[in-house]
Each structure stands twice: as C-alpha cells, then as structure tokens.
Amino acid sequence: ETGVTQSPTHLIKTRGQQVTLRCSSQSGHNTVSWYQQALGQGPQFIFQYYREEENGRGNFPPRFSGLQFPNYSSELNVNALELDDSALYLCASSFPMEPQYFGPGTRLLVL
Amino acid sequence: GENVEQHPSTLSVQEGDSAVIKCTYSDSASNYFPWYKQELGKRPQLIIDIRSNVGEKKDQRIAVTLNKTAKHFSLHITETQPEDSAVYFCAALDQAGTALIFGKGTTLSVSS
Numbered sequence: 059e060t061g062v063t064q065s066p067t068h069l070i071k072t073r074g075q076q077v078t079l080r081c082s083s084q085s086g087h088n089t090v091s092w093y094q095q096a097l098g099q100g101p102q103f104i105f106q107y108y109r110e111e112e113n114g115r116g117n118f119p120p121r122f123s124g125l126q127f128p129n130y131s132s133e134l135n136v137n138a139l140e141l142d143d144s145a146l147y148l149c150a151s152s153f154p155m156e157p158q159y160f161g162p163g164t165r166l167l168v169l
Numbered sequence: 017g018e019n020v021e022q023h024p025s026t027l028s029v030q031e032g033d034s035a036v037i038k039c040t041y042s043d044s045a046s047n048y049f050p051w052y053k054q055e056l057g058k059r060p061q062l063i064i065d066i067r068s069n070v071g072e073k074k075d076q077r078i079a080v081t082l083n084k085t086a087k088h089f090s091l092h093i094t095e096t097q098p099e100d101s102a103v104y105f106c107a108a109l110d111q112a113g114t115a116l117i118f119g120k121g122t123t124l125s126v127s128s
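Protein chains in written order, with the working numbering: chain A, 59 to 169; chain B, 17 to 128.
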C-alpha cells in the first residue's frame, strides 16, 4: 500500500506570485483534504475534494483553489501570494468520513 | 462552527510516568475524534481515534476517553518513553463530516 506523497518538499516564492502544490492520495482513497499549518499551530482546514468535486471549504479566500483528478490525486493553487501564506501545506487522504492520513507536507516560504 | 480547546500547551514528564492531554469541543454534533502525533519536521501521524458511540479505546500504551455530555476527550499515555516526545494534536470532525478542527497542540517532553 502506497502512502500519501506531496511535491515539492520546499518552495520559495515572492509576494504576488502563484504556486501549485501536488498531492497523491494513498492507494484506494478517493477523498483529499488540504490543510495549512502555520509555525507552532495546529493544521487549519482549507478544503476537501471528493470524486473531483469540492466537498467542503474552510475560511480561506478564493485565491486558494484546488483540483482533483480522476486518479484522485489533487492540486492546491494559491494566487497572489502574501507573506502570511508562508506555512506547511499538508494534504490528507481518506474515504469519506473515515480517518485522514497526512502526507509529509510542502513548506512554502513567501518573501 | 466547531472549536477545539487543548490543554496543556506543554507537558514535561519523567520516563515511565503517565501523561494526560485534555481537549474540549463545542459542537455536540461532532462524532469522530482523532489524535495525531507530530515529530519535528514530520507529518502528523494518526495514533488513535474514537467515535461518539464509544466511551474509551485502548491501543497498547495509549488510550482515549470521551465524555459526550461534557464534550471533552482525553489522551492517556502510560509508561512514557523518550520516543514519545513530540507535539500531540487532538481534533474533532465537523458536523458536515469533512473538516478536522484541530486543537493548538501539546508539546510533550519525556526525559530519561
């Protein structure tokens, strides 16, 4: 069984740029959730995708958007990056309403 | 929406002692409560979870208890070891069944 993977591991961007983060779900899982973890804080829910549709969204602005592909992998896109977007971005895969298993995360630094 | 409070923020114990971390939640409709362990620079790792139809669950040295009436749940680690040192997060699944709402975390330090 393959675990959740994410790419890239680290990324440095400047304010105003756009970024795309990628997540491959654990084998068989059809649901992907994205979280933002600021330093010293718990993860905060951004949104969830189930069968290629957004299935729930947290309190994040529209410049945070996502996609899920037929193989259940997913992308998180952030436009017009701000300094406060610097964080660890985690994806988690699962079946609906079942335990969520996290990937290793992408650490984004916005300068 | 759901809100999860976690205490204490830091906890230091001697090897072999027990450690208890407590969380409270606000939404009585929440029915799933996982606990994650996050070592420095690593992913959150699911260590145990409990659903609202169960009052207690054990897995070797760790156990979780749930009091639905009081809306609180706790993680108990017995016979702590240095490798238990990490940040522990409690979470509650929101009413929609999509988002995990996390507490702010507890940094556990186990000294030998």
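Please note that a few of the clues may not be correct.
Here are the simulated DSBU-like pairs of lysine-lysine, each with C-alpha atoms no more than 35 Å apart in a straight line [claimed, not checked]:
1. B:K74 <-> B:K120
2. B:K73 <-> B:K58
3. B:K120 <-> B:K58
4. B:K120 <-> A:K71
5. B:K120 <-> B:K87
6. B:K73 <-> A:K71
To spell it out: a stretch of chain A is covered by chain B in this simulated footprint if at least three of its residues, at any positions, have a beta carbon under 8 Å from a beta carbon of chain B; those stretches are [to be verified]:
7. 72 to 82
8. 105 to 114
9. 132 to 141
Residues of chain B clear of chain A, computed beta-carbon distances all greater than 10 Å [stated by the list, open to error]:
10. L62
11. R77
12. T81
13. N83
14. A86
15. S127
Hints in this document: simulated from the structure, not taken from any laboratory.
The C-beta atom is built at its ideal place from N, Cα and C for all residues, glycine as well.
Right, here's what the structure says about each hint:
{"no.": "1", "hint": "B:K74 <-> B:K120", "verdict": "23 Å, holds"}
{"no.": "2", "hint": "B:K73 <-> B:K58", "verdict": "25 Å, holds"}
{"no.": "3", "hint": "B:K120 <-> B:K58", "verdict": "17 Å, holds"}
{"no.": "4", "hint": "B:K120 <-> A:K71", "verdict": "27 Å, holds"}
{"no.": "5", "hint": "B:K120 <-> B:K87", "verdict": "17 Å, holds"}
{"no.": "6", "hint": "B:K73 <-> A:K71", "verdict": "44 Å, violated"}
{"no.": "7", "hint": "72 to 82", "verdict": "violated (count 0)"}
{"no.": "8", "hint": "105 to 114", "verdict": "holds (count 3)"}
{"no.": "9", "hint": "132 to 141", "verdict": "violated (count 0)"}
{"no.": "10", "hint": "L62", "verdict": "6 Å, violated"}
{"no.": "11", "hint": "R77", "verdict": "20 Å, holds"}
{"no.": "12", "hint": "T81", "verdict": "19 Å, holds"}
{"no.": "13", "hint": "N83", "verdict": "21 Å, holds"}
{"no.": "14", "hint": "A86", "verdict": "21 Å, holds"}
{"no.": "15", "hint": "S127", "verdict": "22 Å, holds"}
In this structure, the earlier hints numbered 6, 7, 9, 10 are contradicted, and the remaining ones agree with it.
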